[in-house]
Amino acid sequence: MPNTMLDPVTHRYAEALFCLARDEGVFDAVRADVERLGREVNADGVGDFFFDARVSIETRREKMHALTKTMHPFVQNFVNLLFDKRREEVLRGLAEAFKAMALEEAGAAEGVVESARPLGAAEIAELEAGLGKKLGKRLSLENRIRPELLGGVRVIVGSKMVDHSLLGRLDGLKKGLLNAPLPSLAEA
Amino acid sequence: MDLRPAEVTSILENEIKDYQGDKSMQSVGTVLTVGDGVARVWGLDDCMMNELLEFSGGVRGVALNLEEDNVGCVLLGDTTKVKEGDQVKTTGRIISVPTGRALLGRVVNGLGDPIDGRGPLGVSDEDYRPIEQPAPSVVERQPVDTPLQTGIKAIDAMIPIGRGQRELIIGDRQTGKSALLIDTILSQKTTGGGDPDNPDQVLCIYVAMGQKQSTVVDVVQRLEAAGAMAYTIVVSASAIDEASMQFLAAYAGCAMGERFRDEGRDVVIMYDDLYKQALAYRQVMLLLRRPPGREAFPGDVFNLHSRLLERAARLADNAPEINPRYAKGGGSLTALPVVETQENDVSAYIPTNVISITDGQIFLEGTLFNAGIRPAVNAGISVSRVGGAAQTPGMKKIAGGMRLDLAQYRELKAFAQFGSDLDAATQKTLARGERLTEILKQGQYVPMPFEEQIMIIYVGTSGALDDIDVSRVQEFEKTFLQHMADSAPEVAEEIRSSKKLSDEGKAAIDKAVAALKPQFLS
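In the order they appear, the protein sequences are chains A and B. Reminder that position 126 of the first sequence reads as 126 in the working numbering, one-by-one numbering, no gaps. Reminder that position 173 of the second sequence reads as 173 in the working numbering, one-by-one numbering, no gaps.
Quick caveat, the hints were computed from the structure, so don't treat them as lab data. Predicted model only: the values in this text are computed from it and were never measured. There may be inaccurate statements among the hints.
To be verified - Each computed PhoX-like pair below joins lysine-lysine, with the alpha-carbon atoms no more than 25 Å apart:
#1 89/B - 160/A
#2 160/A - 81/B
#3 478/B - 506/B
#4 396/B - 428/B
#5 174/A - 83/B
#6 175/A - 17/B
#7 499/B - 428/B
#8 83/B - 160/A
#9 500/B - 478/B
#10 506/B - 413/B
#11 397/B - 500/B
#12 499/B - 511/B
#13 517/B - 175/A
#14 189/B - 478/B
#15 85/A - 63/A
#16 328/B - 397/B
#17 517/B - 506/B
#18 428/B - 397/B
#19 396/B - 328/B
#20 160/A - 99/A
#21 499/B - 189/B
#22 174/A - 17/B
#23 413/B - 189/B
#24 89/B - 175/A
#25 499/B - 413/B
#26 89/B - 174/A
#27 396/B - 212/B
#28 506/B - 397/B
#29 413/B - 441/B
#30 189/B - 396/B
#31 81/B - 175/A
#32 89/B - 137/A
#33 99/A - 69/A
#34 478/B - 517/B
#35 134/A - 478/B
#36 441/B - 189/B
#37 137/A - 174/A
#38 81/B - 174/A
#39 133/A - 89/B
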């Protein structure tokens with residue numbers, strides 16, 4: 001689950017690149033390049049260099065060119081455009097925005113399944129199929145271990161949550177107990 | 001509060017036996033920023049406007065801004081328990097409060113939770129009502145035609161309030177605005193003997209917003225001492241509560257009043273005060289980044305008050321046939337909002353807004369208050385736009401003369417200050433005005449029954465007091481009313497039943513005045 005609000009500027013640039021790649025039929029190539037670019041830019045040290053105002057813009061542009069020269073021409077042009085418009089910051093969230101759009105386009109969704117112990121592949125597949133049907137999307141779930149759940153599973157897809165964990169049920173029970181009026185007080 | 005362990009065990013048993021976990025899909029979000037009583041939340045795709053949200057620390061909030069990629073909400077509890085990154089859940093419930101009989105006699109906060117230390121309310125889920133409700137439509141209403149007696153001579157005689165009306169009480173600080181409200185609550189005891197189950201009893205709701213805690217305690221003690229709490233609900237969102245609670249309390253109180261109104265009861269609700277409520281609303285809205293307008297209030301500050309006051313209404317007798325939402329027709333909700341002015345400036349933003357929404361205003365003035373005229377009602381600029389139709393015929397006839405006498409008096413008084421050579425007619429008008437002003441003075445917490453008001457105002461307008469010394473008029477009033485109660489109680493009884501003063505009644509009063517007057521003429 002992406003935990004940050006997407007910057008609207010990032011979203012707009014990413015959407016333009018996405019639509020162009022899709023309409024020109026070079027989607028897979030561009031997607032692979034964008035993913036690689038995202039990994040490189042967000043790697044330790046690299047990002048700091050690219051977004052550091054103390055490094056001259058020419059130097060940054062040169063280094064970026066070295067990185068993108070093997071990539072698809074669209075991606076190269078895109079990066080050049082960003083530098084021209086002084087919107088280098090867009091590179092940070094680009095991969096994430098691109099991925100979200102690709103998932104949306106394919107009618108798929110990614111989510112997290114939290115459980116107290118590791119789940120088997122078959123269990124995850126079953127959850128994916130069942131919940132995917134309910135959400136109307138092809139679901140792919142990542143297993144995350146949360147021992148405090150005690151038992152059961154909790155699935156989070158985007159802003160939807162299905163809580164079947166023991167922790168959630170105990171919380172619900174606690175709330176129910178606190179709200180139940182005591183008979184002796186009702187009499188008084 | 002003592003707990004019985006056996007009881008707790010039995011509740012546990014029941015809860016465990018019937019426990020159904022919430023297996024449905026929930027909408028969740030993540031706190032992006034939190035501070036100053038507001039939070040921004042990412043996610044919450046299906047969030048509704050005004051929906052109650054639940055934060056992971058158990059703190060509750062209300063969604064007020066639904067934006068493209070986040071939800072702005074106000075927090076209703078301990079804001080220090082909410083951290084960035086916390087999970088937020090929707091509850092599927094629009095913010096609602098408990099209503100009904102169980103609340104009478106209680107002091108609750110803006111969410112309807114009791115704060116008087118007398119245990120839970122013991123209400124069921126069906127007793128909860130959303131705090132925001134549409135006002136009754138045109139066909140569901142009927143004109144205001146029944147008086148609401150405040151027990152204050154100056155108001156009942158000259159600025160009558162009808163049931164279902166909205167009458168603004170406006171004035172500077174320390175001019176007796178809240179005192180007027182308390183008197184009105186105390187006076188309602190005469191309608192049904194103070195028994196909340198008597199259908200004639202007018203029920204009262206006092207909403208204190210941004211008031212000092214000590215003021216609220218004082219009000220509650222006053223009401224309790226007079227036996228008026230039995231038919232009253234006090235909703236308190238005092239100065240230490242979150243700003244969000246302070247502006248929501250008005251709607252919460254209104255929802256409680258509507259419940260009774262829809263059941264055919266007469267209710268009077270007092271908002272003390274709407275200026276502080278608007279300040280609380282401004283604070284929250286600025287923090288939620290809504291664009292500020294005049295005096296930095298948000299653009300919808302007029303609607304904030306108009307949608308609240310529109311809910312005051314007198315329901316038509318056949319309202320349940322038109323809309324099944326009403327259990328019984330004929331009920332009413334009378335609103336008495338208070339607005340505090342600065343330096344008598346009624347042309348400031350909030351006062352003008354509320355003046356234009358309400359059906360009239362009672363203007364209390366500091367100079368009158370300091371001159372000893374209490375209640376300090378400025379009869380010249382106070383009006384009641386619909387109350388005239390609701391005034392009882394007896395009062396209407398007698399008070400009409402007084403209003404004229406007082407208007408002439410006010411006009412001449414300004415001139416009389418310049419010269420001493422006044423003709424006899426002028427002197428007579430001045431003398432009459434002085435004595436009528438004296439009659440309209442009234443102590444705090446002593447509401448006067450309607451029949452006594454009629455009798456003493458009749459005496460004043462008949463001119464019988466013109467030769468009594470001004471300083472002895474109040475003493476005469478007291479002696480006269482005592483005399484009437486002792487020697488001719490049938491006059492008061494007759495006014496009570498027929499709602500007017502008959503010729504025989506007038507003769508009896510004239511006789512009593514003639515008998516008492518000599519001892520005051522010395």
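To see whether the hints hold, each was checked on the structure:
no.	hint	result
1	89/B - 160/A	holds, 10 Å
2	160/A - 81/B	holds, 23 Å
3	478/B - 506/B	holds, 18 Å
4	396/B - 428/B	holds, 24 Å
5	174/A - 83/B	holds, 22 Å
6	175/A - 17/B	holds, 15 Å
7	499/B - 428/B	violated, 31 Å
8	83/B - 160/A	holds, 20 Å
9	500/B - 478/B	holds, 22 Å
10	506/B - 413/B	violated, 30 Å
11	397/B - 500/B	holds, 9 Å
12	499/B - 511/B	holds, 21 Å
13	517/B - 175/A	violated, 72 Å
14	189/B - 478/B	holds, 22 Å
15	85/A - 63/A	holds, 18 Å
16	328/B - 397/B	violated, 34 Å
17	517/B - 506/B	holds, 16 Å
18	428/B - 397/B	holds, 22 Å
19	396/B - 328/B	violated, 30 Å
20	160/A - 99/A	holds, 19 Å
21	499/B - 189/B	holds, 18 Å
22	174/A - 17/B	holds, 14 Å
23	413/B - 189/B	violated, 38 Å
24	89/B - 175/A	holds, 14 Å
25	499/B - 413/B	violated, 34 Å
26	89/B - 174/A	holds, 16 Å
27	396/B - 212/B	violated, 39 Å
28	506/B - 397/B	holds, 13 Å
29	413/B - 441/B	holds, 18 Å
30	189/B - 396/B	holds, 23 Å
31	81/B - 175/A	holds, 17 Å
32	89/B - 137/A	holds, 22 Å
33	99/A - 69/A	holds, 22 Å
34	478/B - 517/B	holds, 13 Å
35	134/A - 478/B	violated, 79 Å
36	441/B - 189/B	holds, 21 Å
37	137/A - 174/A	violated, 34 Å
38	81/B - 174/A	holds, 18 Å
39	133/A - 89/B	holds, 23 Å
Hint check: violations occur at hints 7, 10, 13, 16, 19, 23, 25, 27, 35, 37; the rest are consistent with the structure.
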